[in-house]
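Trainee: Next come the chains, spelled out residue by residue.
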Amino acid sequence: MENDETLQMFLEEAHDHLRDIESDLLGIETETGPADLERVNKVFRGIHSIKGAAGFFGLNRIKELSHSMENLLNRIRNLEILPNRRVSEALLRSADVLSAMVEDPHGSESVDIEPSLVLLGGVQEPVARDTTPTQILDEMGLPVFILPADELNLARKGGKHLFVLHFDMVSDLDGKGKTPLDVLHDLERTGLIVDAKLSQDTRGNPVGSARSLPFHVLYATVLDLEMTSLLTGLEPPRIHPHPAVPEKRPVEHAAVVAAGAPRQAGRKPPKADAAKASKKAESAPSIPAADPVAKSADPSEAHQAPTTDSVRTSPAPSASSSLRVNVKVLDRLMTLAGELVLSRNQMVQKVSSRSLADIQASSQSLSLIISELQEAVMSTRMQPLSIVFGKFQRLVRDLSAEVGKEIRLEVEGEDVELDKTVIESIGDPLTHLIRNSVDHGIELPDIRERNGKPRLAVIRLHAFHEAGKVVIAVSDDGRGIDTGAVREKALAQQLMDPQTLSKMTEKELINLIFLPGFSTAKKVTDISGRGVGMDVVKTNFTRLGGVIDVESKGGKGTTIRVKLPLTLAIIPSLMVSVQDETYAVPQVNLVELVRIPAREVRNRVERIGDALVMRLRGRLLPLLRLSDVLGLEKKAFADPKTGEIKPDRRRLVEDRRGPVDRETPEERERRGNADRRYHSSSAVNIAVLNSGAFQYGLVVDRLHESEEIVVKPLGRHFHGCQCYAGATILGDGRVSLILDVVGITRHMDLRDAGVGDRPPDEEARKRQKLHDAQSMLLFRVADQEQFAVPLALVLRLEVVGKASIEDIGGRRSTQYRGGTLPLLDLSGISRVQPLPDQESFFAIVYSVGGREVGLLASQIVDIVESNEDFDETTFRQPGILGSTIFQSHTTLLVDLYEAARSGVPGFAKPAPVARGKGRRILVVDDSPFYRRQIAGFLRESGHEVHEAENGDDAFSKLETISGIDMVMTDIEMPVMDGLELARRIRSHQGMKNLAVVAVSSLSGEEAMRRGRDAGLDGYIVKLDREKILESVEKFLVHGRC
Amino acid sequence: MSNGEDSMELTVFTVGDLLCAVENSEVREISGLRHVTPVHHAAPHVRGVVNLRGQIMTVMDLGVRLGMGPVPDDRKSRILVVCTGEEDVGLLVDGVEDVLSAPSRDVETPPSNVRGVSGAFFRAVLKNGDDLVSIMDLGRVLADD
Chain B
1 MENDETLQMF LEEAHDHLRD IESDLLGIET ETGPADLERV NKVFRGIHSI
51 KGAAGFFGLN RIKELSHSME NLLNRIRNLE ILPNRRVSEA LLRSADVLSA
101 MVEDPHGSES VDIEPSLVLL GGVQEPVARD TTPTQILDEM GLPVFILPAD
151 ELNLARKGGK HLFVLHFDMV SDLDGKGKTP LDVLHDLERT GLIVDAKLSQ
201 DTRGNPVGSA RSLPFHVLYA TVLDLEMTSL LTGLEPPRIH PHPAVPEKRP
251 VEHAAVVAAG APRQAGRKPP KADAAKASKK AESAPSIPAA DPVAKSADPS
301 EAHQAPTTDS VRTSPAPSAS SSLRVNVKVL DRLMTLAGEL VLSRNQMVQK
351 VSSRSLADIQ ASSQSLSLII SELQEAVMST RMQPLSIVFG KFQRLVRDLS
401 AEVGKEIRLE VEGEDVELDK TVIESIGDPL THLIRNSVDH GIELPDIRER
451 NGKPRLAVIR LHAFHEAGKV VIAVSDDGRG IDTGAVREKA LAQQLMDPQT
501 LSKMTEKELI NLIFLPGFST AKKVTDISGR GVGMDVVKTN FTRLGGVIDV
551 ESKGGKGTTI RVKLPLTLAI IPSLMVSVQD ETYAVPQVNL VELVRIPARE
601 VRNRVERIGD ALVMRLRGRL LPLLRLSDVL GLEKKAFADP KTGEIKPDRR
651 RLVEDRRGPV DRETPEERER RGNADRRYHS SSAVNIAVLN SGAFQYGLVV
701 DRLHESEEIV VKPLGRHFHG CQCYAGATIL GDGRVSLILD VVGITRHMDL
751 RDAGVGDRPP DEEARKRQKL HDAQSMLLFR VADQEQFAVP LALVLRLEVV
801 GKASIEDIGG RRSTQYRGGT LPLLDLSGIS RVQPLPDQES FFAIVYSVGG
851 REVGLLASQI VDIVESNEDF DETTFRQPGI LGSTIFQSHT TLLVDLYEAA
901 RSGVPGFAKP APVARGKGRR ILVVDDSPFY RRQIAGFLRE SGHEVHEAEN
951 GDDAFSKLET ISGIDMVMTD IEMPVMDGLE LARRIRSHQG MKNLAVVAVS
1001 SLSGEEAMRR GRDAGLDGYI VKLDREKILE SVEKFLVHGR C
Chain H
1 MSNGEDSMEL TVFTVGDLLC AVENSEVREI SGLRHVTPVH HAAPHVRGVV
51 NLRGQIMTVM DLGVRLGMGP VPDDRKSRIL VVCTGEEDVG LLVDGVEDVL
101 SAPSRDVETP PSNVRGVSGA FFRAVLKNGD DLVSIMDLGR VLADD
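Chains B and H supply the protein sequences, listed in that same order. Letter 666 of the first sequence, counting from 1, is numbered 666 in the working numbering, and no numbers are missing. Letter 44 of the second sequence, counting from 1, is numbered 44 in the working numbering, and no numbers are missing.
Everything labelled a hint here was simulated from the structure, so no lab data went into it. Predicted model, so just to flag it, every value in this text is computed and none were measured. Please note that a few of the clues may not be correct.
[Said to hold, decoys possible] Pairs of lysine to any residue residues, derived as SDA-like cross-links and limited to a Cα-Cα distance of at most 25 Å, are as follows:
1. B/Lys712 to H/Ser31
2. B/Lys712 to H/Thr84
3. B/Lys712 to H/Arg28
4. B/Lys712 to B/Ser577
5. B/Lys391 to B/Arg354
6. B/Lys712 to H/Cys83
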């Protein structure tokens, strides 16, 4: 028996009915005045249909509940009951229960429908009823149905006849190619099915053999026996009226009954339908006010055959893998398939003719047909948004009641179609948006009134086409998004820093709601709280290739716009490759392409902690190498000339200094003696991708063309691979994997370190670098210029009266503590403005070469903690090391050593180390400024200096460069700090006797102790040139202690 | 799941030095080795995917799966396309040897260990003259674990 298939069809139909019923009930509810009878009838018919078919399948609970609803609806359409809110609430609730039962038919028999029956009964006044159970007999005199008398009367109202019809599934249906549902539908057109059932055994299984399966219908119709007989194809005794009413010919009937041999041999007597007696909540109309049959057009209204409906899905769980397709679309596919065959035949012919022109023409026509075919096939997957929008009316109604608000939902554009996969995935995020509106957006009616707004708020759901995409806009006329609250929340959750926030535009602030961890609800309310934030909504839409945007006006309302692509099956993509593998990057996730020329790589690509970042127009973008993502060996790259895979000796993308000094002469020649850094192939190709929440850059070897690719799924063995969104077949027949831009971030655990989307902020960027904070003394010479010296190098500050300054041959000094203190005027050393004429000056006293010197200042400005980097180029001149900005003023860093040297007579540089005594020293500091200073000191003294920018870098240099005598290292560095470096060195067999000295701004007992524990030999303050040189002497010449 | 009452129709192939077989009813086609696109992060026995007439098919290296080392990329190796109900999967084998009809009485339960390979992968063994042919349990071989 095709029971399963038929059951399936019934479930689908029932589901469709129920969906319509819900919206019709909502419609009835919102209308004032007497019910729109047409709508009521529609609902009635739907329920009636469900009842009839349920009976056939033995789904008794469903039958009972529908029966009860049907009775209530009947009273409504008889104008005995006005459909007020209570009534529609009862019907809606019952429809919900019915829906649930239809979703799970097998479980429906155990569902307790008592509460629903009570509810339905509760909205009607009890009316005196005649519930005498009346038996309906079959032609053999055996009871087939049992019904309360008043129902029977009701059924016969309007002069209808009641017939008992006995069908046989096998001979009447199978044999004639009809299904039971067909029969039921036919009957419904011309009458009402009061009840219907299969002959069942006690377990509810259909009884019968392969040759006979009986099924009974109690039918009420205005047609007479003859017509009904014609309609059903049944002859007496398989059709007989009940009771033997006067207008019938009872005697004849009885004679027929008596004479008629039972056609169904071996048929078991049907069990009494005990359930019929339990209709407590039923009530029959006391006096029919009008004849519902005459009033409504229902008997003659045809029940639409499903297949001519426009495209709809069957949302019942078992049916979600099937689809309803418009017959027109199928016809088109057939036609195109036919044309395709013709075209192919032509092509085959032309190819053998070898005429290029002919082949080209054929190919063109083939191409056209294929395009059309593709479109037609894709259109079968297109579904209207009404599938998703349908449930929102109910949602808004229920939610607004819950929170005590008055809201109306306007829906426009339900016919707009989207790909099935997209439709299935947007339900949840859209629901969330609507809930948000109801919960947070719309104000309470009193508040609205006070603000001059209508009490009834409107949420508008509008879908339309725009520029090849589908736009869905959810807008409300509520209170809008409070940017102040957003700002507060962002600060409280530490999602943004105050400076960045203060620079954001209103639009940017509003878009902050998409940041993970954000929720402006003051308390988590039940309906839209619980941690599902707008970031999840955004990610949901981004996964579908959509974009989301928010607009809001305080006090006026909010509009959220989502733009979705029409289809997912074919997507434009950018092809990229690493080594010899090609991958596709979906265009929808692609923001831009960046190519960094070789010589700029050092500047634009940096390390922060463990991550690579790139500077892009003032902001920092996290970078991932595709080869890392895929786990490919970093060692190889494709030779630009030969395409050969060769080992890559560069360890870091950002490290462009190859071990040139170790190249063999042959290698150098092959390279053409050109600096490898400048070869165009050492440029870095980056695809900037949008993962929904943030952007990142993907480093690839080569960028190729953009192509439209067909997305195909990967098999089940790849379910755990997060990095791929599917696969496609390239022109050469090979498979290429499609990268999942979001999945990659999960796999690599890449989070937006807060350096991605924010507007440029130089201060924030610099703060990312881990520098030691140095105390700087700020002072002025001339009024307009500000200078700084490291406080650590300052011995004292003294005040010197103008009168006590002696000037001998341009050199100034003062008597001080029993000796002469040379005084330095910066304007005599550097091109800066001269000291003003003052009564007294400050002398910044420091020591060089064992002698004390005082640097004159007109005012001391401040002492600041700074971890700024210095710009070494702009203001570079003798006596000035570099410049930076402190407290909004350009500040020049004084080279105390140089100042002393040129300003103090007889001040000589320490002699450079004797030839041959120069050492090879490794200087490690993440700040280029300090590194260069220290390296400078050392080189001036005749030492050979190598540089490294962090501990890791230093360690690898120690491994590759031989003969390093000493390491001078900063402590605070990214990747590996100075202490860790010291430890590594001490535990390395070949290095453990290396002299390691820290040059740092950290000081104090604690710091020094830690340094000693890590294995440091010494600790020097930064920029103390003398000490640095001294330590070289100490540790190298005299050896480590 | 044998056909008929008397004999099994088997496709015999080699993996390493092991003679294996699957029932003909499970084999969709046999294809020569073609370019396999590697899928990084997949299980080690998954070689990658191939284009089988427009369909993306997973290719499993039976050598690796059975613990014997990868199947060599030479002219003898073949992809045995088997269908498992839901999707087709390609088994990469050293070579396809023969198709034979094996009387059911010659089929026995597999030992727990077949030349070093876990008996769990096989559901039966067959003596074919001097040779031992191990009949694969496709469900187990293709399982996701």
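Trainee: Determine for every hint whether it applies to the structure shown.
Mentor: Cross-check of the supplied hints:
no.	hint	result
1	B/Lys712 to H/Ser31	21 Å, holds
2	B/Lys712 to H/Thr84	19 Å, holds
3	B/Lys712 to H/Arg28	21 Å, holds
4	B/Lys712 to B/Ser577	19 Å, holds
5	B/Lys391 to B/Arg354	60 Å, violated
6	B/Lys712 to H/Cys83	18 Å, holds
Violation of the numbered hints given earlier is confined to hint 5; every other hint is satisfied by the structure.
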